[in-house]
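There are 2 protein chains.
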Amino acid sequence: MWTYDAFPAAAVKASHGFEPSREWLDHVRLSSVRLAGGCSASFVSPDGLVMTNHHCIRSCVEDLSSPKRDYLATGFYAKAPGDELRCPKVEANQLVEMTDVTARLQGATQGLGGSAFNTALKAEMSKIESECATGPELRCDVVTLFNGGKYHLYKYRRFQDVRLAFAPEFSMAAFGGDPDNFNFPRFGFDAAFIRVWGTNGQPLKTDHFLSWAREGAREGDLVFVSGHPGGTERQSTVAELEFQRDVALPYTLLHLSEMRGMLREYASASPERWRTTRAKLRSVENGLKALRGRHQALAEPSLLGDKRKAEADLRAKVEADPKLKATTSGAWDAIARALDAYRPLLAEYKLKEGGDGFPSELFGLARQLVRAADELPKANAERLREYTDGQLPALRQGLLRDAPITPELEVVTLTFGFNRLRETLGADDPFVQEVLGREAPEELARALVKGTKLFDVKERQRLLEGGRAAVEASKDPMLLLARRVDARAREVRKRYEDSVESVLKKNGELLARARLAAYGTTGYPDATFTLRLSYGVVKGWAENGRTVAPLTTFAGAYARHTGKEPFRLPDSWLEAQGKVSGETPLDMATTHDIIGGNSGSPMVDREGRVVGLIFDGNLPSLGGRYAYVPETNRAVAVHGEGLLRALEHVYGANRLVKELRANQR
Amino acid sequence: MWTYDAFPAAAVKASHGFEPSREWLDHVRLSSVRLAGGCSASFVSPDGLVMTNHHCIRSCVEDLSSPKRDYLATGFYAKAPGDELRCPKVEANQLVEMTDVTARLQGATQGLGGSAFNTALKAEMSKIESECATGPELRCDVVTLFNGGKYHLYKYRRFQDVRLAFAPEFSMAAFGGDPDNFNFPRFGFDAAFIRVWGTNGQPLKTDHFLSWAREGAREGDLVFVSGHPGGTERQSTVAELEFQRDVALPYTLLHLSEMRGMLREYASASPERWRTTRAKLRSVENGLKALRGRHQALAEPSLLGDKRKAEADLRAKVEADPKLKATTSGAWDAIARALDAYRPLLAEYKLKEGGDGFPSELFGLARQLVRAADELPKANAERLREYTDGQLPALRQGLLRDAPITPELEVVTLTFGFNRLRETLGADDPFVQEVLGREAPEELARALVKGTKLFDVKERQRLLEGGRAAVEASKDPMLLLARRVDARAREVRKRYEDSVESVLKKNGELLARARLAAYGTTGYPDATFTLRLSYGVVKGWAENGRTVAPLTTFAGAYARHTGKEPFRLPDSWLEAQGKVSGETPLDMATTHDIIGGNSGSPMVDREGRVVGLIFDGNLPSLGGRYAYVPETNRAVAVHGEGLLRALEHVYGANRLVKELRANQR
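Note that the protein sequences, when read in sequence, are chains A and B. When the first sequence is numbered by the numbering used here, its final residue is 697 and no position is left out of the sequence of numbers. When the second sequence is numbered by the numbering used here, its final residue is 697 and no position is left out of the sequence of numbers.
Hints are supplied without guarantee of correctness; some may be wrong.
Copies of the same chain are indistinguishable here, so a pair counts whether it falls within one copy or spans any two.
[Stated by the list, open to error] No farther apart than 25 Å at their CA atoms in a straight line, the calculated lysine to aspartate or glutamate pairs in the DMTMM-like style are these:
1. 357 to 691
2. 485 to 523
3. 312 to 455
4. 321 to 380
5. 100 to 597
6. 596 to 461
7. 690 to 461
8. 341 to 274
No lab work stands behind these hints, which were simulated from the structure alone.
Construct the entire structure; sequences and hints are all you get.
Rendered as structure tokens:
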């Protein structure tokens, strides 16, 4: 997970005999794309064609579907450029510049602690971002690297007109469903193509894009992954990891697993419910499995044992250095105390402010409208972070997206949230009373969903543009609920930020600087959903005494087909059986250190040519949140050769195949 | 949780000025009743009338209900003795004798380890129990006390004709539902009356029963609880507690919370579904909340901190004593190693053998029939423990009960189990393949439930009595499934028993003996679902800076009524408003050290008169599994005064009121 400015090219040369040049790095970086929703992607043609995972644009496919045209079930292919359909919620970013702003931020927070530290840090971040983002076509983020050891300003080109060009059937993208998720051997075809359109109403012309490799990758090949790993916690203290294991993860796991049970049963009642729920269900199941993997990694004594040793080593170095000792020796205890404060607060924070009490799209929109009305009149630096100038284009896009919202699903998820609120905080809790009054959760949810007009984009636009006056005049019940609970939600957020977040950040930063002082920048910073380059090889692993081979084939997919979901190949594949040689590679495992957010990352060879498309990791990779274990941690990708062949012979996506082959080399 | 033979009467005298006599103890003991399903109760009249909780006989009320007469919704009251309805699954036991058999068991396992230890222990237990249980009217259990420091033989009179006399509405028994469960102030009326009938077809005549107190208990009063606490783990090693925190509890919590989400959504679809699911749902929710409380107690650093200190102290004492050192100093490591072996085995064991993979009544019956056919021809000592002679009456009762089984609920729970199997063990696992073949979970579940004849008691009787020949000849699909998976299920059970259970038992026993040698029997043994007597006082507690008073009133219940479930008082209570003074106590909190299994325990005063009925504990009491914290741990009971008044003025249960008042003193 190396940042592009510190890629260890010489080390790669030493171990693999290949040194990527500065041009090579710049070209791959500028060909890389970030999807603002939390995924990676890449330009693969000079006409703005972008490759990513199906699961990265699944909500777009769903938004474009209706009971009559169910693209999630049938897949989608635009035969002509004009057939490409705009994704309501997708924003693509291209990283064009990185600047070190560490000195400015550390200067701004010098000598501060507690909430003052946090306030100063956020204000300076907002200021730097505002200065940088000179127009809506730019997005600027101050990125915290090495837990605050360094701060970089990342400048992106922002593209909001993104259109769907090709998506396979959901059942093929997620072939094997939840049982096969995070497993290998794997036979998913989790690929999709979208296209960035320019403001001129034409496909974007881009100088930087990845060409397709003529030959596919084979076992042992050196390959690179360029993408946006979302988050790791490899520098966390032992107390932080124990808190995750004992408090934070159990809380979220229970929330998700109950949600899963509810959604599965809800979705099973009719085909229409299944259609409108499956994507949400899949993402809940994916989150659940991923977090369970993390919890299991932390529950394994060896991982925490290693962390304890590393912490003792750093502590000894800090104690041995008078200057470090003076600044940093109290950092571990300060973190532990902040976590003690967080322990009784976590559920309250997650339920009132984090969304667990209101898992509803409509409520989310209502809260955004209420807060936008409160925040936007304030000076930029004083706003809640998600309402600062740099965030406004994304906020507008989210509020004004023209995507369907399913009333019935809203009712059940909102009921679920209200029940969680009441049972966790207690029926007598003032916040719960404020939400429910004497209503039953389901009746209230039903009345809110029935009464709200927030389904309507125009109404949302009216409220957004009308500002505080419009919001205060509205009698919309969902908006009224969001207003009613806002003071208490903000209060718990402030308590969390002042007594937990700021302490963890400030002391995490002290430890990060101590670590840099003691060991230098020998490794890469924790993942932060910013662009990184990883190198590795195509390789299997050993598990319970058996060897897992790194490549699966088309023949394997047909052998796994039982005819029953989630092991049912779609008709397109059944009809195409024999058109692609059974020996053609379909998926592959590699040694790259990746994590959630890397989904959709291109995998390239020494020539910078596409040889694969990352879409998953194996079960041991889930512990990668805390530590990378080279023996077993594997990334999982669609093989580039299989991808192109399926596109051609299974889907007959000839326009795209031609576009890709035009630059094949 | 004192055993009756070691009750510290002198200590009670010293602290409370009252010393229960031997006669007092014998009388209360013989008035106490155990319900084999996992609850406590008491005789409260000379005619076999038994008081317990509604939730202890909820499954009986459900079994007796149908779409046309829904006793769970309406409550039940038998106006005449002949109207009392037999509970298909309830067995009541009365403890008549206790004998110390420690020497016999420790002699039988002398010098043995691993599976030999386990086998010898089980064989000797079965032998002792067979010798004792000279007829079907007796039940004999060897009880492991002090983790194997002592073994006692408990002899019970067994009553299988138990009839329902009175049950309130479920909504009143569980008033406040899941939100109020384990909370206080509380307003539940979780009481019920059943009656033991003799084999002569008449109500049982009993010399020992508790009379009702004329005056109710008040704050500060000394009171006693006689009941059957189900299980505590207060002597567990730190490694065992960490295993619970990190592995065992998270596994079960996730299982239950997904099940809960599924069942709630399933039940919400129609009144009939709600009727047939609510009791199961309630028990899943209760288990979930209880285990979450346990997990939170273990996640609290102070609890494990205290345990670490206690363990270090015992270790030091063991190391200091050459004899103890020789036998016991390796015990902690042996336990830790067994848990390492259990870690990768736990889910497999729970799914294949423990029932999580087959959460279905029909499958349970099928497995029992298959195993009975295999086990019963063997010598008693060689059988699986639940098929030994002592267990046969309960086995027969379970298999031949005439209770309804809901096909639709069977399909969803079985589907749930099959999905859990596949996702946890993997689609390629041989056991999963053996269960599912190429079928989808739901289709298979549907076919099994549709095809089986095990709904029919006569068919089950035929198979039970026909033995192996009948079982092997059967083409019943559920029976075939149970047969198909039995070898692998037994295999994982054997692996668990040999490599985990027996090591934990043997070394737990060593530690227990070391503890007795080091500290004597200063405390009471861990709870084992055997009769215990607890003393304490009526008392509130302080929580987040506010004081919780120990008594709630009828007026409080009416104030809590919102008209919406689960805060809707039933019509009977609404109509009776004003008939009972609002100041009358309804529920109360006391300091007793109780735990699950104590539900239904009578609470008696110094005169041995009923002053309350235990039905719950507060949230802090959930950590009582591992440690009793006097400041906050509280038991929750229905107040005796409120109980009798509601029976009379809300329910007009005059026959029972007369029966109770006849012996009021």
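Against the structure, the hints come out as follows:
{"no.": "1", "hint": "357 to 691", "result": "neither (60 Å within a copy, 77 Å between copies)"}
{"no.": "2", "hint": "485 to 523", "result": "neither (28 Å within a copy, 60 Å between copies)"}
{"no.": "3", "hint": "312 to 455", "result": "both (24 Å within a copy, 18 Å between copies)"}
{"no.": "4", "hint": "321 to 380", "result": "both (24 Å within a copy, 17 Å between copies)"}
{"no.": "5", "hint": "100 to 597", "result": "within (22 Å within a copy, 39 Å between copies)"}
{"no.": "6", "hint": "596 to 461", "result": "between (47 Å within a copy, 17 Å between copies)"}
{"no.": "7", "hint": "690 to 461", "result": "neither (62 Å within a copy, 42 Å between copies)"}
{"no.": "8", "hint": "341 to 274", "result": "both (15 Å within a copy, 20 Å between copies)"}
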